[in-house]
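Given the coordinates of chain S, assemble chain C onto it according to the supplied hints.
Line order of the protein sequences matches chains S and C.
The numbering used here applies: residue 1 is where the first sequence begins, and numbers increase by one.
The numbering used here applies: residue 1 is where the second sequence begins, and numbers increase by one.
These are computed hints drawn from the structure, not numbers from a lab.
Just so we're clear, the structure is a prediction, and the values are computed from it rather than from any experiment.
Heads up, some of the hints might be wrong.
It does not matter which identical chain is meant; a pair holds if it fits inside one copy or across any two.
[Unchecked claim] Heads up, simulated EDC-like pairs for lysine to aspartate or glutamate below, C-alpha to C-alpha not over 20 Å straight-line: (1) 158 to 204; (2) 165 to 70; (3) 254 to 241; (4) 208 to 108; (5) 29 to 220; (6) 232 to 108; (7) 165 to 200; (8) 36 to 184; (9) 165 to 207.
There are 2 protein chains.
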Amino acid sequence: MLLQWFIASWLQRKYKKMNSVIETINAHKSVRRYKKQAIDKALLNEIINAGMRASNTGNMQLYSIIATTDDGVKEQLAPAHFNQPMITSAPVVLTFCADVNRFTKWCEMRNADAGFYNAESLISAFVDASLAAQNVCIAAEANGLGICYLGTTTYNAKQIVDVLKLPKGVVPVTTVTVGYPDEDAPMSSRLPLTAILHEETYHDYSEKDICSAFEAMENDPNNEKFIRENNKQNLAQVFAEVRYSKANNEFFSKEFLDALRGQGML
Amino acid sequence: MLLQWFIASWLQRKYKKMNSVIETINAHKSVRRYKKQAIDKALLNEIINAGMRASNTGNMQLYSIIATTDDGVKEQLAPAHFNQPMITSAPVVLTFCADVNRFTKWCEMRNADAGFYNAESLISAFVDASLAAQNVCIAAEANGLGICYLGTTTYNAKQIVDVLKLPKGVVPVTTVTVGYPDEDAPMSSRLPLTAILHEETYHDYSEKDICSAFEAMENDPNNEKFIRENNKQNLAQVFAEVRYSKANNEFFSKEFLDALRGQGML
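So that you can see chain S by itself, here it is in the shape it has in the complex:
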């Protein structure tokens, strides 16, 4: 009887442990409204440490994380993120940066001929910073915090460079706002697995594949109001002509490449 209980309890714990990670990942929602409650420093450090456990290129750790909690600095950051309210309302704003500055400084002090100011090192650093960011987000969510990524980070990279005093060799990659949730945020939909996953090699999409990939999204009644509000005929036009227009994408591409040149990376 006791043995049975032990086995059942062991199995349950083992199963719980496996499941809770998947459950945490699958329960992700972008949280945009936060309570005023600050994040305990020990907890924040635990989360950042979890971020640092992510894989990175050759263990060079070519990234930095900037944690902004000061209202004045957040006010300065806000315009770079088109004044999205999360920047000033979240207790902590984390800016993840590609960083070849620290590693290059070390190499130079050690008389090593460093060459990390280039596109290849930058892109490795971009991936490294992103992996660390995602670990941070999962660790935060496992601790009851809510997060929101701000893709605006690369749009206005030059402004962020100025506000956060990023030296040459450091480029902002993504921003995450973190805080205790003050809303029951909706869970966003995803394309079906078969639309994202390719077996063996890439299988390019037929018109039929595209229709079935986007069918659920197109039929989501929540999207109808965006089509009406923007005077468009369909959801694709809302994405391509309003939210992420060609003109904007091309403008911000130029700005971003300029920022990379300014930071010595291109």
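Relative to chain S, chain C alone:
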């Protein structure tokens, strides 16, 4: 008595759930040797689904995941990864790609004026693919699998484009090999938290900061043999002059930018 038990049990489960996520993240090791055991298709799908729950830019989901299990295709991929044995020995090779092809095709079918073939969309897609990859890795590890990232993916992007038949608009970002571990891999060291984390704004590193950031790594006896083997004076020279040399970084930068142009992204 019963109430006490309920409370204790509830607290324990709550605590377990929180901890197991952090524990899973903190237990990460790169696993390079795998058992022959295949990964069950339902499990692989569960892991990919977890990847798809990661945040992404505007829910456009500008990425694709290619799961290669066929020995023939893996043999073809191997040279692009400098024949690292994980490619052919892991049961599953996942190539995460930035992908503006699928979304653009949808927009064109819906008469929407799409403009995603540019640097800004590419870099958003690079971050999105990386976040999905990290979710996949944590979900895999939570299920007893081992993973290893291959940074070689952007080095030989053109070869990967050919082998995986990536059309214009699709660029490989990172590769993850997945399988049941057949080794007790070592845990790699990390810089101290204070070397990665900046408070409020970036604080550039003094010589003293650099010394304390890299001190533990420099004093790690495991690194001594690399210095001796490569006839170098110190660890920084091993990194900058052997593993990630300026000449190589510059060569692969050119190759990578060519690959981006070839895929219509620059």
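Hints, one by one, checked against the model:
{"no.": "1", "hint": "158 to 204", "in the structure": "between (37 Å within a copy, 18 Å between copies)"}
{"no.": "2", "hint": "165 to 70", "in the structure": "within (15 Å within a copy, 49 Å between copies)"}
{"no.": "3", "hint": "254 to 241", "in the structure": "within (19 Å within a copy, 33 Å between copies)"}
{"no.": "4", "hint": "208 to 108", "in the structure": "between (56 Å within a copy, 14 Å between copies)"}
{"no.": "5", "hint": "29 to 220", "in the structure": "within (18 Å within a copy, 41 Å between copies)"}
{"no.": "6", "hint": "232 to 108", "in the structure": "between (56 Å within a copy, 15 Å between copies)"}
{"no.": "7", "hint": "165 to 200", "in the structure": "between (45 Å within a copy, 10 Å between copies)"}
{"no.": "8", "hint": "36 to 184", "in the structure": "within (16 Å within a copy, 44 Å between copies)"}
{"no.": "9", "hint": "165 to 207", "in the structure": "between (48 Å within a copy, 19 Å between copies)"}
Consistency with the previously given hints is maintained throughout, with no hint failing.
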